[in-house]
Amino acid sequence: MLQFLIRRSLISIIVIFLVTILVFVSQRLLPGDPVRVWVGEERDPESIAYFRHKYGLDEPIPLQYLRWLSLALQGDLGRSIRTGIDVREEILRRLPITVELAVLALIIAVVIALPAGVISAVRKDTTWDYIGNSVALFGLSVPNFWLGIMLILFLAVQLHWLPASGYVSPWEDVLENLRRMIMPAFVLGTGLSAVLMRQIRSSLLEVLKSDYVRTAYSKGLEERVVIYKHALRNALIPAVTVLGLQAGALFGGAVITEQVFVIPGFGKYILDGVFTRDYAQVQAVVLVTAVGYIAINLIVDVIYSIINPKIRLEGAKAE
Amino acid sequence: MRSVVKAKPSRPVLAEKALPQRRVWRLIRRFTRRPPAILGASVILAFVVVAVFAPWLAPYDPQATNWSKIRKPPDPQNWLGTDDLGRDVLSRVIWGARVSLLAGVVSILIALLLGVPLGLISGYYGSWIDQVIMRLTDALLAFPFLILAIALAVTLGPSLANATLAIGVSAAPGFIRLTRAQVLAVREEEYVQAARALGASDLRIIGRHVLPNSFAPLLVQATVSIAGAIIAESTLSFLGLGVQPPTPSWGSMLNVAQGFLQQAPWMAWWPGLAIFVTVLAFNLAGDGLRDALDPKDY
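Chains A and B supply the protein sequences, listed in that same order. Counting from 1 along the first sequence, just add 529 to a position and that's the residue number in the working numbering. Counting from 1 along the second sequence, just add 8 to a position and that's the residue number in the working numbering.
It is worth saying that the hints were derived from the structure and are not from the lab. Even for Gly, the Cβ is constructed at its ideal location relative to N, Cα and C. Treat the hints loosely; a few may be bogus.
Claimed, not checked - Output of the computed footprint for chain A on chain B, the stretches with three or more beta carbons under 8 Å from beta carbons of chain A:
#1 138-146
#2 239-252
#3 283-293
Produce the entire structure from the sequences given, and follow the hints as far as they go.
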């Protein structure tokens, strides 16, 4: 198990290195000169050259990369050349907002998907199953930015139940924070809940056909006990994996959701950085995204081995 | 069974031709037995017809502005209302079908063109080539699909062609992985080893045995991916990274509509509904294909 984790972590680190190099080089090799845009098109060549020198942009790219890497490893992600704001501080300020959004979305997704998936599987081919499947298909097919716009239209513009957009910190006002987060979190959660519900349904169906479930039934156990104590436990294993794989989709969804609901989170920071080609900002954002994504999948692997002792045992045997 | 066919060179053509054809028919029969799949396929077909015949179906020129008809709600003349420049929303939704379907299909073709050969090479040859390709794939997969597509679209510059390319490249890693997994599964089969023992070249083994066996999962994946690609294109256009104005596309129409939710909500209804129905249709068809190709009990 430990060996497996170490090997996976090493591969992950190599991947992160690759990612940062790819982004670093491609950013600098692309046509167009963002420095001109940052300092103003009308500036004279001398001041542009000074600017380049000041930020080390006149050096060879490999050297620039090594400098960036050594600083990044010490936790210094540089300053945005455009705004002069320290990138690390900005990320630390914005990341919690996106994490809150993602966690709320995750809760909403699980709250919808778990009962829906279980009912669909247990009452297979009944009206409940069809309703569940239709809802899942809806969640898979609706573009989340349109769902967001529609919710704003009905709940905010027409019914005035919820504020249309904006963000309030939970430290200032918890209720107001939730009032503003509930719509975006729902929008972000729908797609995830659909994927999750389908996974829970199909893996539960598989498990319900197995011998040990039949044995449990023939022992005279109640259906509730069989499903929740025996079947569901095993059926949830693939669902956890799906959750890890969907972390990326959740993240990508957060970018667009934050844009629609004007939430000043990490996702919006990604968009802003990419749109203005702010070197330091893009690199930092890419690094954090890649590290976060890979870390989540690593954690999922660990959880996976905890809830499924078989994997752990096989791993131990292999060692 | 196939290795037997190979061993008798007198009648291989007949046997090899008959098999895939029967398979295709069985697939079509299984597919047509599912009402949701038929519904999905019909809706796709309807949208294709709309896209192809847009110039004849659209009641107005989708780009013609009319200052006397700004943000008019739906009425008998403009069934779906007009937008902020007095353009007919129905005509724009009809023309938008072209953009969405084209971007969806072409981007997944690009993903297949990139992903399948790389996956084949990676899985078939293994060793260091496999390592290089897979680590690069991992690197690309370390980004959420949408963020990767946005980043690529920004660097390439905003246009429909670039957005399509960006989506295609972002979707490619998934196809690399899938193809590789299929190859790994097929490579050790006895009929492949038999073919190799008979002296078949790598190209022949890949073309005759490995690819045909990877076809089914790739087809399902491609169909479902088109749904995702259509959403991705509309998202990029929504962000201003896809189709440029005044060309109508569903995503860019929603971008404009967001500014007029209070005054003209119908501007936001129809393009979004069009995206939703198209994507739903591809998902239904994809589900139908999956069931038809892999008939499990549930």
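Evaluation of the provided hints:
1. Given as covered by chain A, the segment 138-146 of chain B passes the check, having 3 residues with a CB less than 8 Å from a CB of that chain where 3 are the minimum.
2. Counting residues of the segment 239-252 of chain B whose C-beta lies closer than 8 Å to any C-beta of chain A gives 5; at least three are required, and the coverage claim holds.
3. Residue count for the segment 283-293 of chain B with a Cβ under 8 Å from a Cβ of chain A: 6. That meets the three needed, and the coverage hint holds.
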